[in-house]
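Heads up: the protein sequence lines correspond to chains A and B, in order.
Using the UniProt record's numbering, you'd call the opening residue of the first sequence number 1 and step up by one each time.
Using the UniProt record's numbering, you'd call the opening residue of the second sequence number 1 and step up by one each time.
The set of hints was computed from the structure by calculation and includes no laboratory data.
We put the beta carbon where it would ideally sit given N, CA and C, even for glycine.
Hints should not be assumed to be uniformly reliable.
[Stated by the list, open to error] Among chain B residues calculated to face chain A with C-beta under 8 Å, some are:
id: 1; residue: G5
id: 2; residue: L208
id: 3; residue: V275
[Stated by the list, open to error] No farther apart than 27 Å at their CA atoms in a straight line, the calculated lysine-lysine pairs in the DSS-like style are these:
id: 4; chain 1: A; residue 1: K249; chain 2: A; residue 2: K92
id: 5; chain 1: B; residue 1: K184; chain 2: A; residue 2: K290
id: 6; chain 1: B; residue 1: K68; chain 2: B; residue 2: K36
id: 7; chain 1: B; residue 1: K94; chain 2: B; residue 2: K184
id: 8; chain 1: A; residue 1: K152; chain 2: A; residue 2: K249
id: 9; chain 1: A; residue 1: K73; chain 2: A; residue 2: K56
id: 10; chain 1: A; residue 1: K152; chain 2: B; residue 2: K36
id: 11; chain 1: B; residue 1: K97; chain 2: A; residue 2: K290
id: 12; chain 1: A; residue 1: K56; chain 2: A; residue 2: K290
id: 13; chain 1: B; residue 1: K94; chain 2: A; residue 2: K290
id: 14; chain 1: A; residue 1: K249; chain 2: A; residue 2: K73
id: 15; chain 1: A; residue 1: K92; chain 2: A; residue 2: K73
id: 16; chain 1: B; residue 1: K184; chain 2: B; residue 2: K97
id: 17; chain 1: B; residue 1: K103; chain 2: B; residue 2: K184
id: 18; chain 1: B; residue 1: K68; chain 2: A; residue 2: K290
Each chain is listed here by its residues.
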Amino acid sequence: MADITSSLAAPARSTRRFRWSTLADHAILITGSLFMLLPLLVLLQTASTPDIETMKYGPGLYFGDQLDDNFRKAMFEASGFSGQNTGLSMFKNSLILGLGFAFGKIVIGMMAAYAIVYFRMRFATMAFWLIFTTLLLPLEVRILPSYEITQKLGLLNTYTGLIVPLIASATATFFFRQFFRSVPEELVEAARIDGAGPVKFFIDILVPLSQTMIAAMFIIMFVYGWNQYLWPTMITTEEGMYTLVRGIKQIVQVLEGNEIPQYGRANMLAIIAVIPPVAIVIFFQSWFVKGLTESDK
Amino acid sequence: MKRAGFTSRWLPIFLLVPQLSIILLFFYWPAAYAMKSSFFLQDPFGFGQTFVGLENYTSLFTSSEYLKVANFTVFFTVVVTFFSLSLALLLAVKADKVLRGAKTYRTLLMWVYAVAPPVAGFMGLILFNQRWGPLMEFFGLFGWEFEMGADYSDTAFAMIVISIWKQVPVNFIFFLSGLQAIPKAVREAALIDNRSASGRFWDVTFPLLAPTGFFLLIINITYALFDTFGVIDTVVRGEPSNNPMTLVYKVYVDGFRGNDLGGSSAQSVILMVLVLALTVFQFRMVERRIHYT
Numbered sequence: 001m002a003d004i005t006s007s008l009a010a011p012a013r014s015t016r017r018f019r020w021s022t023l024a025d026h027a028i029l030i031t032g033s034l035f036m037l038l039p040l041l042v043l044l045q046t047a048s049t050p051d052i053e054t055m056k057y058g059p060g061l062y063f064g065d066q067l068d069d070n071f072r073k074a075m076f077e078a079s080g081f082s083g084q085n086t087g088l089s090m091f092k093n094s095l096i097l098g099l100g101f102a103f104g105k106i107v108i109g110m111m112a113a114y115a116i117v118y119f120r121m122r123f124a125t126m127a128f129w130l131i132f133t134t135l136l137l138p139l140e141v142r143i144l145p146s147y148e149i150t151q152k153l154g155l156l157n158t159y160t161g162l163i164v165p166l167i168a169s170a171t172a173t174f175f176f177r178q179f180f181r182s183v184p185e186e187l188v189e190a191a192r193i194d195g196a197g198p199v200k201f202f203i204d205i206l207v208p209l210s211q212t213m214i215a216a217m218f219i220i221m222f223v224y225g226w227n228q229y230l231w232p233t234m235i236t237t238e239e240g241m242y243t244l245v246r247g248i249k250q251i252v253q254v255l256e257g258n259e260i261p262q263y264g265r266a267n268m269l270a271i272i273a274v275i276p277p278v279a280i281v282i283f284f285q286s287w288f289v290k291g292l293t294e295s296d297k
Numbered sequence: 001m002k003r004a005g006f007t008s009r010w011l012p013i014f015l016l017v018p019q020l021s022i023i024l025l026f027f028y029w030p031a032a033y034a035m036k037s038s039f040f041l042q043d044p045f046g047f048g049q050t051f052v053g054l055e056n057y058t059s060l061f062t063s064s065e066y067l068k069v070a071n072f073t074v075f076f077t078v079v080v081t082f083f084s085l086s087l088a089l090l091l092a093v094k095a096d097k098v099l100r101g102a103k104t105y106r107t108l109l110m111w112v113y114a115v116a117p118p119v120a121g122f123m124g125l126i127l128f129n130q131r132w133g134p135l136m137e138f139f140g141l142f143g144w145e146f147e148m149g150a151d152y153s154d155t156a157f158a159m160i161v162i163s164i165w166k167q168v169p170v171n172f173i174f175f176l177s178g179l180q181a182i183p184k185a186v187r188e189a190a191l192i193d194n195r196s197a198s199g200r201f202w203d204v205t206f207p208l209l210a211p212t213g214f215f216l217l218i219i220n221i222t223y224a225l226f227d228t229f230g231v232i233d234t235v236v237r238g239e240p241s242n243n244p245m246t247l248v249y250k251v252y253v254d255g256f257r258g259n260d261l262g263g264s265s266a267q268s269v270i271l272m273v274l275v276l277a278l279t280v281f282q283f284r285m286v287e288r289r290i291h292y293t
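Isolated chain B (complex conformation) (with noise of 0.2 Å):
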């Protein structure tokens, strides 16, 4: 720590206590047991435990239904990733551009930010209801016929829209901030040396706004990851049976609806691994930019 301050004995602890007493009980507490049951088998009717090495894991790993769902994960994560920051870039880079309106449209298009994930899935079980739902009816003019719950890739299409539907607010929030503080000197001249505005864009812009978009990449992928927990959950109406769904999800349902403790905590694991290596990758990356700029 840089600066000198103060040296009291006993109150820094005092003020640590509250802090520290929660993420022991509550983080790391958990977190620990979570890695103890993933090499256990639980009894299903709560009688004890054996066991097992690392059996959890292994069958995991050869259990096709497992990795269609990794899979499918995988592709939920980078297509909504990928649509929520180009549409929010899009935004934001024409939010940033207009005169007229800007305030108006800054609010129309960041105020779903406050919109909580089931609330965004109920909406998406209104527009695509089975009877009147107006953007299944607006498939059926395609000769779509659109049913989510009970077609696989349609309710994965309504999965995917929903979600990136919730996501774009927040990287147009960060874009567009990041655009703003781009130096208006440097705007001027991006403006002299280049003609075409596509052109100041890729050339200017664009990297200009990288180390923005490498921290909102990580926050998207987080995103996709576990905060659409509650779209999903809306949209399968609690029933995954055929449906699509992401590994946290499946960790809630074979833990909490199937009993299966020690295979779903050994999800858990697997899925602290994963934001352990992308949180290192994003330290990493962070330094780098430091280095360069």
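Pulled out of the complex, with its shape left as it was, chain A reads as follows (with noise of 0.2 Å):
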């Protein structure tokens, strides 16, 4: 860090206090950097050389030249029995996964948050209490029994089983009530007067005032989806529906093979699985934290 001796100004003594303060606060900081960046760069260092230098030696100290071959051979080589399981197809399987879980929840709860806050209607606090009870109990809870509905339903190893039921929880609505709740009033005073009914005060006013939330709410919700592991493992049985994260059963399988793991292509899958989440994340870092920070609120 040879930046921080340039923000020397004050007296001797003083400065040199604060720059041992400062030094150890980058210390710190570049220590707990490099502990969430390590396992990745494993990973990194692992997929870009030979399996067989890999298992002789251990991961090393630098990269090799099969990044491109390991990528090569995680989207578009078939693992599993069926040959339908390529990267390229669980790649797919989890971006339909994210984008329609988020896009789903998204509009889903916008409409109920519209209900909820801007109409006078009979059970409405019933509504209230149905939808936000939701939120107490996380999906893990009630697997088994959703598992049977939804294999009643004939809705295994389709998008909609894999979608829909992960889309029952109020997180969204209640985010769009909150932030609903805070637009002012005399806006829909405003509409009516000018003669806008509850459609077009909806499109033309609340949706683009929303926008920010939208995009803050989408890219959580996004993430979200593509994470999912539990309700993917088993909803879907059919090697053509594994999403990424799915198929990381899969790819631990290969570690345990018997010659050479491997271990190369393995690494790549997971890398795969990992890169459009976290590159959303950080591109839409002010956004998406206003999001995350916001939601307690």
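Both chains come to you apart, so use the hints to assemble them.
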């Protein structure tokens, strides 16, 4: 950290003490960052090295030249029995799950939140409680009966069965309810005076106003959907329906292989599973942080 | 509801129908189904069921295996929550303080948020690999023969480290935004009153962060109980046999693998009660927090 020394302006003695504590701060932050980064670096290194070298010497300090080869194997060569689950097919399924989940959750959540906040109706309180009780119990708790019901409905190995049951909680609804309640009340009155009906108000005023919130929710929900594991594990048995994260289970079995396990390929697949959500979170950092930290208010 | 809004009759119903039908179908029905099946004994071959009252529950609480899993879950939850909260708090305080590279640190410390728990578990498998895992070799230097998947406490250790690694970023993000929300005037006043940085931290910053910390406490307990499923499943490679596991993982193992629907449902109901208790506790604390601020 050469840049620490450049912030010297104060008298020598206090500068010296200031420097030591700043140095310690940076040391802690660098250690923390390395702690976070190291596993990914090991994955990258092994994915770039020939498997036989990894097997003999373990992860080394230098990157090899096998990245593109392993990428090709991971993306286009099928693992498993059916020959259907290439990395590409899993990638596609993950994308459908992430996008479908985020889209469904936001549309349904916004509709319900709009009804709850802007309409006077009978059973409003009951609807409210019915919806918000779902915040209390995560899917993991009721996983088995949910599976049985999805099976009864004939939705195993379908995108509907993969996505819709995951939407059955009110996180987005709650989030949009909080946001709609913070929208000034005068807007509704002004819209009504101008003769705008509820549909027009929603589409022309409320949705444009919520753009940032929608973006933030979309990022959070996409990452959440993409990263689902338990539900896809139960609901998809056909290899052509596997998502990347669900496919991890199979990737793990590669590590157990008897001859030379395909470490490079397996680790490359794990990297592919990690890149899209991580990239989104990094690129849209400010929206994402805003969405995340505002959901608790 | 505070606002007047519109008075259409059918529109709100139309708006609510998708949400309500999904939660009725995939939330209330399964939850009710779990409660019902927890009082029945399922025939393993799918031929009907017999009402057994509370037997599923009593056999759980007398099963030494279940109690062992429950014990481990408590231990696991406490350790993961404590370390991921305190590490994140330390990093957030430092990231809030430094001037140079603050943004880079922020990115480097939060990206792991987007890593799926089973992928985190997979990274653990690589790092603790029996043949050449760097961490395994590192522990070997100190004479610790690390055997993940074979040794109970080593496996537990790996699970805990991976779960902490995965959870630090969420806490970091919340703590950092909590710190940045502290008004400048308050910080300056504290700077005048209190010379020592650690004194300032414990007397001013820490109490101001307490609401965030409390909120995170609940989030972390829920995380350790439920979201670590992927980590555990990957670390034990789907072979729970002699390995440590949490209560949620046992619900899955007994129900899905062991075909014991009644016992698994009873476990689900116990977890539901646990989560409800946690939520009620949270609401009461939040009310209190509003009163004094």
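How the hints compare with the structure:
A least Cβ separation of about 4 Å between B/G5 and chain A falls short of the 8 Å threshold, and the interface hint therefore holds. Interface hint status for B/L208: violated, as the beta-carbon distance to the closest one in chain A is roughly 15 Å, over 8 Å. Because the closest C-beta pair between B/V275 and chain A is about 6 Å apart, less than 8 Å, the hint holds. The suggested pairing of A/K249 with A/K92 holds, with an alpha-carbon distance near 18 Å, which does not exceed 27 Å.
Note on B/K184 and A/K290: the hinted pairing holds, with a Cα-Cα distance of about 20 Å set against a maximum of 27 Å. For the suggested pair B/K68 and B/K36, the alpha carbons sit about 26 Å apart, so the restraint of at most 27 Å is met. With a CA separation close to 17 Å, the supplied pair B/K94 and B/K184 stays within the 27 Å bound. Between A/K152 and A/K249 the CA atoms are separated by roughly 26 Å; this keeps the pair inside 27 Å, and the hint holds.
Taking the CA atoms of A/K73 and A/K56, the gap is near 21 Å; set against the 27 Å cutoff, the hint holds. This hinted pair checks out: A/K152 and B/K36 have alpha carbons roughly 17 Å apart, not beyond 27 Å. For the hint pairing B/K97 with A/K290, the CA-to-CA distance comes to about 20 Å; that is within 27 Å, so the pair holds. The straight-line distance between the Cα atoms of A/K56 and A/K290 is roughly 47 Å, outside the 27 Å bound, and the hint therefore fails.
A threshold of 27 Å between alpha carbons decides the hint, and for B/K94 with A/K290 the separation of about 21 Å falls inside it, so the pair holds. In summary, the hint linking A/K249 to A/K73 is supported, as the alpha carbons are separated by about 18 Å, within the 27 Å threshold. With a C-alpha separation of about 16 Å, the suggested pairing of A/K92 with A/K73 holds against the 27 Å cut-off. At roughly 13 Å between alpha-carbon atoms, B/K184 and B/K97 fall within 27 Å of each other, so this suggested pair holds.
A C-alpha spacing of about 20 Å is found between B/K103 and B/K184, which places the hinted pair at or below 27 Å, so the restraint holds. With a C-alpha separation of about 41 Å, the suggested pairing of B/K68 with A/K290 is violated against the 27 Å cut-off.
In this structure, the hints that do not hold are numbers 2, 12 and 18, in rising order.
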